[in-house]
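Enquirer: Sequences and hints are given; from them, build the entire structure.
Listed here are the chains, written in short residue letters.
Protein chains: 2
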Amino acid sequence: MANFFDASDISPSKKRILQSALTLFVEKGFFNTSIPDLVEHSGVSTGSIYHAFKDKEALATELMHHLLATIEAEQADILARHQTVKARYFALVEWMLRFAEAYPDVEQFILYARHKEFMPSVKPICSAKPFMTLRDVILEGQETGVLRQMDVMVASSIAYGSVLRLIQLYLDGVLSTPLMTHFDELTEAAWRALAAE
Amino acid sequence: MANFFDASDISPSKKRILQSALTLFVEKGFFNTSIPDLVEHSGVSTGSIYHAFKDKEALATELMHHLLATIEAEQADILARHQTVKARYFALVEWMLRFAEAYPDVEQFILYARHKEFMPSVKPICSAKPFMTLRDVILEGQETGVLRQMDVMVASSIAYGSVLRLIQLYLDGVLSTPLMTHFDELTEAAWRALAAE
DNA sequence: GTCTATACTCAGATAGAC
DNA sequence: GTCTATCTGAGTATAGAC
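Each protein sequence line maps, in turn, to chains F and H.
First residue of the first sequence? That's 1 in our numbering, and the numbers climb one at a time after it.
First residue of the second sequence? That's 1001 in our numbering, and the numbers climb one at a time after it.
It is possible that part of the hints are untrue.
As the list claims (entries may be wrong) - Here are the computed lysine to aspartate or glutamate pairs in the EDC-like style, where the Cα-Cα straight-line distance is at most 16 Å:
#1 F:K28 / H:D1172
#2 F:K123 / F:E57
#3 H:K1015 / H:E1062
#4 H:K1116 / F:D172
#5 H:K1028 / F:E117
#6 F:K86 / F:D136
#7 H:K1014 / H:E1057
#8 F:K116 / H:D1105
#9 F:K116 / H:D1151
#10 F:K123 / H:D1172
#11 F:K86 / F:D172
#12 H:K1116 / F:D77
#13 F:K129 / F:D172
Said to hold, decoys possible - Partial selection, computed: residues in chain H whose CB lies under 10 Å from chain F:
#14 A1087
#15 F1090
#16 I1110
#17 S1127
#18 P1130
#19 L1169
Claimed, not checked - Have a look at the derived ranges for each label pair, beta carbon to beta carbon:
#20 H:K1054 / F:Q149: 47 to 57 Å
#21 F:A58 / H:G1145: 52 to 62 Å
#22 H:T1046 / F:K54: 28 to 38 Å
#23 H:K1123 / F:S34: 31 to 41 Å
#24 H:S1045 / F:P12: 49 to 59 Å
#25 H:L1111 / F:S13: 46 to 56 Å
In short, the hints are calculated from the structure, not lab data.
Ideal placement from N, C-alpha and C gives every residue a C-beta, glycine not left out.
Expert: Structure follows, in structure tokens:
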């Protein structure tokens, strides 16, 4: 899961702009990143940026789109490799933790940027497909009877809220140990809360 | 828990500015709220705003300070009224849910604004006192043996991450039912994950 | 498609009268 | 302490040559 912009038909300069945008938006935030900042960091001129993207907002939107696409692909891959609900849940959590450790900047941007502040048209992140995928695994568990009956959103909050919270603590520098250190404790506790008696 | 700026020695116009700032920062975000916006909404002039606050960032910082102070006071109140760890945890969660329903805007600003983007000097929110207080209840439970031994941060993530996640879903409009509907399911599941055998 | 130069807007902040 | 008027600069976006 190396490069987020490898896919398809992106021109080289567009790729460099997206790469710089990811770095700078994460580091300083969308509003604190000016076009001149992007020009300096990417080595691509103002004119070319506006040739490649309608405006700054469109640039952010497209960036978001690419990141989500990569994430969706990885999730699909995990689901394909694991069949039972328990295996899927554990594998997805492991992937979430590893992803956050490998790409803290991307994780930060995806999870905690206030997207609607600079992309008014885009839907809230938790309505995005990757979050649906996570929820669907819980739903599947409830339907097959592996997980106890309760409101799906509540069950999902237990299942992933704890994980996301730990990731946030990690990203904020509160955690002193690597994320994966806590994989077993975390998943076993969550599973205890969710599994059918 | 009505007014966040009632306390102490705030001048009337300062109070109006803070009130407007809370509304607008939440509605449109810090960067999308201009000083002219604040002037129009509060009815206080530019000059008076800059008389009351050093600059826009200081305004945001002071706003944050007031909100956190109110929250700390309410938490202290809850702890004073409940003695056992279980009672305290359940009461704190109930308060979190009720608070989010009563003051969605404040909750949104406290939890999900990217504070460091406009208040570079302020520490991450999860290092703030209210979050310490939540964690300390878990710590107390582990020390008294009511809760099972595990990393405190992991236990806290289970205990409150699920709650915060549900709140986020609520604030994003994904939940169709009132938050308190899920109080029992949520707390019982979390407790199941955390309680000693 | 890429660049440089530039136009235009409007935000943040200040000066200074009352 | 409150206001109006104003400055200054940064930042988005465009024009137009190559």
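Enquirer: Is the hinted pair K1015 (chain H) and E1062 (chain H) satisfied, with a Cα-Cα distance of at most 16 Å?
Expert: At roughly 11 Å apart (the allowed maximum being 16 Å), E1062 (chain H) and K1015 (chain H) satisfy the hint.
Enquirer: Can the hint on I1110 (chain H) be confirmed by a CB-to-CB distance to chain F that is less than 10 Å?
Expert: Check failed: Cβ of I1110 (chain H) comes no nearer than 13 Å to chain F, outside 10 Å.
Enquirer: Is it true that the C-beta distance of K1054 (chain H) to Q149 (chain F) lies inside 47 to 57 Å, as the hint says?
Expert: The hint (47 to 57 Å, Cβ to Cβ) holds, given that K1054 (chain H) and Q149 (chain F) are roughly 55 Å apart.
Enquirer: Is K1028 (chain H) within 16 Å of E117 (chain F), Cα to Cα?
Expert: Holds. K1028 (chain H) to E117 (chain F) sits at ~7 Å (cutoff 16 Å).
Enquirer: I want to verify a distance hint. Is the separation of the beta carbons of L1111 (chain H) and S13 (chain F) within 46 to 56 Å?
Expert: For S13 (chain F) against L1111 (chain H), whose Cβ atoms are near 38 Å apart, the range 46 to 56 Å is violated.
Enquirer: Please check whether A1087 (chain H) passes as an interface residue: C-beta within 10 Å of a C-beta belonging to chain F.
Expert: violated, 20 Å
Enquirer: Is the Cα-Cα distance between K86 (chain F) and D172 (chain F) 16 Å or less?
Expert: Given pair K86 (chain F), D172 (chain F) is violated - Cα atoms ~29 Å apart, limit 16 Å.
Enquirer: Going by Cβ atoms only, is S1127 (chain H) closer than 10 Å to chain F?
Expert: holds, 6 Å
Enquirer: Hey, does the P1130 (chain H) contact hint survive, CB to chain F under 10 Å?
Expert: violated, 14 Å
Enquirer: Tell me if the interface restraint on L1169 (chain H) is satisfied: Cβ within less than 10 Å of some Cβ in chain F.
Expert: holds, 6 Å
Enquirer: Between K1116 (chain H) and D172 (chain F), is the straight-line Cα distance small enough, at 16 Å or below?
Expert: holds, 11 Å
Enquirer: Could you check the hint for me, namely that T1046 (chain H) and K54 (chain F) are 28 to 38 Å apart, CB to CB?
Expert: holds, 33 Å
Hint compliance for this structure: hints 1, 9, 11, 12, 13, 14, 15, 16, 18, 23, 25 are not met, and every other hint is.
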